[in-house]
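Chains A, B, C, D and E, in that order, are what the protein sequence lines are.
For the record, in the first sequence the residue sitting at position 275 is 275 according to the UniProt record's numbering, with numbers rising by one throughout.
For the record, in the second sequence the residue sitting at position 209 is 209 according to the UniProt record's numbering, with numbers rising by one throughout.
For the record, in the third sequence the residue sitting at position 125 is 125 according to the UniProt record's numbering, with numbers rising by one throughout.
For the record, in the fourth sequence the residue sitting at position 74 is 74 according to the UniProt record's numbering, with numbers rising by one throughout.
For the record, in the fifth sequence the residue sitting at position 109 is 109 according to the UniProt record's numbering, with numbers rising by one throughout.
Note that these hints are calculated values from the structure, not bench results.
Among the hints, erroneous ones may be present.
Unchecked claim - Pulled from the structure, derived: some chain D residues nowhere near chain A, Cβ distances all over 12 Å:
no.	residue
1	L5
2	L17
3	V35
4	R54
5	P62
6	Q76
7	L133
8	T136
9	P165
10	D202
11	Q203
12	L225
13	R226
14	T234
15	E251
16	R303
Said to hold, decoys possible - Computed cross-link-like contacts, EDC-like style, restricted to lysine to aspartate or glutamate with a CA-CA straight-line distance of at most 16 Å:
no.	chain 1	residue 1	chain 2	residue 2
17	E	K203	B	E284
18	A	K379	C	E301
19	B	K34	B	D302
20	E	K275	B	D302
21	A	K405	A	D283
22	A	K329	A	E472
23	A	K198	A	D283
24	B	K34	B	E50
25	A	K445	A	E461
26	A	K329	A	E473
27	B	K34	C	D73
28	A	K380	C	E74
29	A	K379	C	E74
30	A	K380	C	D73
Glycine is no exception: its CB is placed at the ideal position from the N, C-alpha and C atoms.
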Amino acid sequence: MKYWGKTALAAALAIAAGGPAIAGDIIWARDGDIDSLDPHRATSTLSRQVWYQIYDSLLEFDDSGAPVPNLAKSWEIAQDGTLVTFVLNEGITCHDGTPFNADDVIWTAERALGEDNPSLTKSSWGDIGEVEKIDDLTVAFHLATPFGAFVPFMADQFTSMLCDSNAAADDFGTGSAIGTGPWKFASWTKGAEVVLEKNPDYVNYGRPIDNPGPPLADRLIMRTMPEAQTRMAGLRTGELQVIVPPIQEVKSLQDDPGVEVYVAQGTGQNMFLQFAVNRPPFDDKRARQAVSHAIDKDLAIKVVYGDIVERQYCPISKGVFGNDPEFCKQYDQDYDPEKAKALLAELGYGPDKPMEVTLATWTGDSRERMLQMLQNQLKKVNIVANIEVMDIGTLNARDTQENNKAEGPGYMDLMGWTWFDPDLLYLLWHSPGAYQGFQTPELDKILEDMRTTVDPDARKEIVHAAFKILLEEAGQVPIYTPGWSWLYAVSADAPGFKIGPFNRALFNAIDH
Amino acid sequence: MSATKSIEAPNDEPATRPAPVLEVRDLCTEFRTKAGVGRAVDGVSFTLHEGEILAIVGESGSGKSVTSLSIMGLIPDPPGRIAGGSVTYGGRDLTRLDEKALQKLRGNEIAMIFQEPMTSLNPVLSIGRQMTEGIRQHTGMSEAEARKHAVEMMRRVSIPAPEKRLGEYPHQFSGGMLQRIMIAIAMSCSPRVLIADEPTTALDVTIQAQILELMRDLRATTGASIMLITHDMGVVAEMADRVVVMYAGRKVEEGRVEDIFARPRHPYTRGLLAALPVLGTAGEVGGTQLNEIPGVVPALTDLPNGCRFSDRCALSTDKCLAEDPPFADRVGAHSAACWHSDRLAPTMEATS
Amino acid sequence: MQNRLEKAIALAGAAHTPAAGVAPSGWAVLLRRMGRFWRSAMSNRGARVGMVLVTVLVLVAFFAPWIAPYPPDEMGAGMSLLTPEMAYPFGTDEFGRDIFSRVIWGARLTIQVGVIAVGISLTVGTLTGLVAGYAGGWTERILMRLVDVVFSFTETLIALAAVAVLGPSLSNAMIAVGIAAIPFYARVAYSVTLVERNRAYFDAAYVQGAGHLRLIFLHLLPNIIPPLIVVATLGVSSAVLAAAGLSFLGLGAQPPSPEWGAMLSAGRDYFNQAPWIMIYPGVAIMITVLAFNLLGDGIREALDPRQTV
Amino acid sequence: MASFLAQRLFAALLTILVTTVAVSMLIHLVPGDPVQIMYAQSQGTTPEQLEEVRARLGLDQPLMVQYIQYMGRVLQGDLGRTIRGDQPVLELLLARLPNTLILATSALVIACAIGLVCGFVAAYRRGTWLDTLLMTSAILGVSMPHFWLGLILLFYFAVHLQWLPVAGSGAANLVLPAVTLGVTNAAIIARLTRSSMIDVFDQEFIRTAYAKGLPRALVLYRHALRAGLVPIVTMIGLQFTYMMGGAIVVENVFGWNGVGRMAIQAIFQRDYPLIQGFILMFAVVVVLVSVLMDLLYAWLDPRIRNR
Amino acid sequence: MTAGTILSVRDLRKSFDVGGGLLRKSGTLQAVGGVSFDIGPGETLGLVGESGCGKSTVGKLIMKLHHPSDGAIFLRGVNIAGLSRRAMTPMWRKVQTIFQDPYSSLNPRMSAGAIVGEALTIHRIASGAEKTRRVAEIFEKVGLRADQMGRFPHEFSGGQRQRLSIARALIVEPELIVADEPVSALDVSIQASVINLLIRLQKEMGLSMLFISHDMSVVEHVSHRVAVMYLGRIVEIGSRRRIFGDPQHPYTRALLSAVPVADPAARRRERIVLKGDVPSPIDPPPGCHFQTRCPFAQDICRKVLPDLLPTGGGHKVACHVRMPDAVA
């Protein structure tokens, strides 16, 4: 009796909340939710993909991956690379109607670099001394040392420009987010959906898409749908316009005339193995090399991903400055189980005394399957790997923990990073390192040089020197690229989708 | 006790006997159990006459309760069913009536009360509801009229403050009160027959006395016939006009109450009477032994051949073991199912 | 009166087994009476079916290495995603692993889950309920209040909390499921103990001068065991279900463990192309759970024919 | 009745109190450093920041103080903030709770509708082929893992036949999860109803009702059902708790955006404030429902009502 | 209390807390409110009363199955009222009990022999073959066969079970037996044999017995002396002859006249039918507890609780309006 009433009410509410697809709405179904829309507080691709729709950076990447003007119409490097001055475009307005100017840039930079609550990627900004307002539309960044990656970083999503009106909100990133981008934040229901609305005042200065003005559609909705098959069904019934397709279904989708499958190229993503190097067995490079020799990376990739990912040879991804498969192959441990066994035998492991290790990764995509492949291959050289799959945050913590643990079984994990520049190597492997893992004084020195070297050719030499150490020592064993969130299946009745460089999803030109 | 009438004297003249109200003929009721089919009632016949109290007496497992439920058509099916015989009331065979017709009779012309007043009333319905629903069902009275009638009935069974108590629930009453209410419910449509199945067994002796008195009064004022089912020979002696004794699903003896107690014609009846300590008759402690009946009541699925009492009977002969004694009217209306009835009476005389 | 009838029949039907001598204890007798109890349980059709299934399951688990044509995690045993055929009766998964072999090996894990989880809850629960029911007073109040508190959380939540703390793994899931079910056993043990304690035979033993241990272990325990057998049998099915559920959510068994819940969870990505990956483990779970349910129901019925289901 | 309810309320409060103790201590049972696990982000957090977090969560205080502080916050409605996204836990939970309640309630309605009817019919027709059929289905239903049933239903009705939408949180989306959760629980209710009703049918007052000449329908409805309802209501209260537990799994299968799905995410993300909040809220809901059921029970059973 | 007294009960009281919960205590049920009596060697005291009068509680108090709230229980001169369980253990060799329900009083998981012989083990009286011998002996004594020792309770009939219960009580050779409604669950035909057995054994073994029953006829048959209880108190106590022949308390009279007599000729005797029910022991009426139902109640009865006073010849009655001109 009372239940019926309640249910009827519930049904009414539910109908109001959901319902069939509405023209003008682009619904993008993904396997996970954002963490936050604060670019200083979240790092996940799922979050970045969304806030990229809301905020612009000073610069943008063009289709070739080169930095081009965006919010800033020009930039100038002076004083041997220690002073970078940006001139902003006129007439840009924030979503709340206030004009976008130098104050917003300074507010953003100071927020990211300040002591209170610094950006998680603070170190990637470079050693910035001061951000100076020259006039309303001119901002100067004073660097302590020259920093080769500074300019391209200003095209990254981690340097998205936030409007200073965000300061008034106490729920910035979760309940409000004011930027200048093509879409305005409307609402976020954690676990369910993020709703963005078209910014009618948007002018496209740098985004690599053929639409100079505001987006064509009215709303962009990111919906969390963990079950891959339901995303598929939703796409096929027209309820959804864009989905993250399950890898297993890519083939069938490619054959479907009603669906277009986009595979991001030049994502900057790389998937690699790393080890807890501060204790046995992986404190010995032979153990690491043995692992690398033991795994048939090509086969594993083929079984798990087919041909939608490619083999990665270098510590940084294809499409990123310095990537050179031919160079890297020289130092790579090719598939050679016998050699692996021999190395292990040197260390005292064999059929009677298998090496027991933990093999971890984070949840999602088909990484768990990848681990099962690796596990299976390792078993053949008497390495018994126990798989652990966890949340990315947990994995990050775990890696650091494992590197600081003196006891316990060997530990390695399949990790992934996405970056637009080899400066990533500094972040990962310069002591203390993101995970306080592999590091050598020699490598430290090389990476420091890499940061301050601006000349491309010289910088490339240095990058390669770093590669050589990492690969020979098997401190980082590259496996494949890309690694996550790089597939988009788009309904044919929503044409106009595009993936920009470094996996930027662009919805500005979708007509639905 | 002394015998006041000679054995041979006819006890009753058919002409003086009141008209029969309910006639049970060759009633058979079966139950299916895991151990097999058991005949809880096997070929029982008797007649209930206008205005009389007929006691059906027997120990547990004798089939007396099943008999009463069979008459009411309340045998749960499955596992039970009436396998044969007839129950004639008002010219109709109740065993052949459909459910609708039975409903019209139950509680209206034939009413029943049960052993446990506490569990025989619905704990979640008010007394008023449980009293009026039957009245309304049979008389078509309005709720208000039915309540008035219910109050009247409660008054008749001496429930104080009946108007107030109508709204109360069974747990707020004592056992004796509830049995009064059960009787009030049963009598509320002025039935011609009241079947009382062990109505006082669950009650204390002083309450029992109240209830028995009430039933006697009701019989006197309404003229209803009462079929009293009990295991208590004392109650039988106090209440009954006539008695049917049952053992293992069979009627073993029938007769007027005085005759049964004075000159039982079945060894089982005699044994029961002798097993009972009678108030005010005891000598020195240990001076008199109570009569023992050896053995136990047989299982209905595993009955002895011949007479069902044969394995416990002191008088048992080969004939008893081989042949089931028929129920024969030997001496007028006092009769028994025993090959040796005639050997009994003198023995009884001798010991009493 | 039907009951009275049955009682009478049971009474009369009771006979034989005249073993002379004074039996030493309730335990020996319990064991001896198990046979009778067993036969009576097995007279129920459902229980027989359940028993056969359980036996098959146990045999399969025990002889898994001989029954399964391939090791459970052998990749490339066959081509990936093969439809069921003679060589791969349940087909193969994305790694070419033989689903049939994995399901067979999974039986071991399932038995393990059942034994360990039920072992935990049965032991702890029975002792808690028994002690609470026997001791009475404050011991009883505190123990049973605690049990009530835990009971009101439902198994799933407790299991989730335990896994949240301990981290996901099959053994943690087993422990979690075991702990979560304790109140159930404790309540049954408690209520049965109360009933038995209030039976006159307990008072009789008490006034014979029997000590605490004698009263608890010789008089009470053997009498509360039969209903607990029912609870434990049915408990196996809920433990198997709960553990599979946790594995399904990724909170239990980790890859490449052929645990059925985990297999099912992994298989759903392939439902369109290879439904068998998901179907067979699901069927296996269902049959196992069904088997223990049937068996438990049958035993219950043998104990209390009125509770026929 | 007042004393009955007072007693029940006392028990309810006690349950919640014990829960708060358990919940506040939960974090200490975590092997390793919970703060590090929780707050590790991509580029590491400095030890100072971790210390600050520790202080903020009060983890550097003695246990008793921690508990008192925790209770102080809880009583002000502050269940802390999530690690991921830094959102207030209570708000998040409350935003999603209705979804879970809707799911559990709809499932309960389905379960009751099917379960009560089937159980009643089976009890009434005890021993017949209909009883056997119903009870065989019921035992199959009880044995069905609901995540499996859910997936099969999902794939068949939503993915394969495309009869029902898969995206969103509309009424049509509620159908499959509610049915999944409802059907398996219907089997349980059917079994319990049957045995409860059989008990009632065997009661002597039913015989009395027939002996009064009441028609069968009236006896079944007024006498049997009313009396049988009392234990069944208690049982349904318990079922609701199971539904809440089951919802956790089913929400994950169907992507229904309730607290259960958030809880699982929180467990994967080791978002302890959220996990703690979830457990506490769950306990409160369960306790409230059971108090509600006690009320209903007391109202249905005059033995308690008039005490 | 005389030297030969086996059991002497003095002002025994027992109350129970009832209802209520954690928050409030709703009341006290005075089950036994000051009961005193003696039992001599070889004597049977019948304790009669209606349900709820406290007669079973008295039995349980004497067996120490309940702990008395107040008063003394002298068993062979030893006050057992305050004894701990441990201290009581040897006393249980002196006093034993027979229970009402032949079904629940025997542990279904133990063989008949084990049930009967348990006390021998507990009190370290006998073990092994000696134990078996003694169990066999007592089996024969109560009319069971020694070869039935290995059987289980469910294999015995109700009457046989009650014999087992008797055997269990007698194996420690007690001096006093508390028999709590030992035959009321049995069919009439079985009842007789158990009563006969009890009387025979009592004589043979020189037992004293407290025979608790609601059945006046049975009590009359087995008792030397009889005590009548009403609402937790003894209202009349005396020899069987006095109680049944010349009852002084109106309640005793009413009780006797209420018993149906298995003789149709006795129908026309005069009867006292009491009105109403027994009041609740949680809230007994003021003054004499019986005053609410007593046909002879006077003002004093409504105010003063009468003491149990001797009237001579060991007979005592608790009534203000003693009934000199008994109508009997």
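* Taking 12 Å as the cut and beta carbons as the points, is D/P165 off the interface with chain A? -> Label violated. Min Cβ-Cβ 6 Å, cutoff 12 Å.
* Regarding the assertion that D/V35 does not contact chain A, is the least Cβ-Cβ distance greater than 12 Å? -> 10 Å, violated
* **Distal placement of D/L133 relative to chain A, Cβ over 12 Å** => Holds, because the least Cβ-Cβ distance between D/L133 and chain A comes to about 27 Å, which exceeds 12 Å.
* Could you grab the alpha-carbon distance between A/K329 and A/E472 and see if it respects the 16 Å cut-off? => 10 Å, holds
* Asked: Would the least Cβ to Cβ distance between D/R54 and chain A come out above 12 Å?
  -> Holds: least Cβ distance 14 Å, greater than 12 Å.
* B/K34 and B/E50: Cα distance at most 16 Å? -> Judged against 16 Å, a Cα distance of about 41 Å means the pair is violated.
* Are the Cα atoms of E/K203 and B/E284 separated by 16 Å or less? -> 12 Å, holds
* Quick one: work out the minimum CB distance from D/P62 to chain A and report holds if it exceeds 12 Å, violated otherwise. => Holds: least Cβ distance 26 Å, greater than 12 Å.
* D/R226 clear of chain A by more than 12 Å, beta carbon to beta carbon? -> 15 Å, holds
* D/E251 and chain A, when compared Cβ to Cβ, separated by more than 12 Å -> Answer for D/E251: violated, closest chain A Cβ roughly 10 Å.
* Could you let me know if the closest chain A CB is still more than 12 Å away from the CB of D/R303? => 23 Å, holds
* Asked: Given the hint that A/K379 pairs with C/E301, does the C-alpha gap stay at or below 16 Å?
  -> Violated, at about 50 Å.
Consistency with the previously given hints fails for numbers 3, 9, 15, 18, 20, 23, 24, 27, ordered from lowest to highest.
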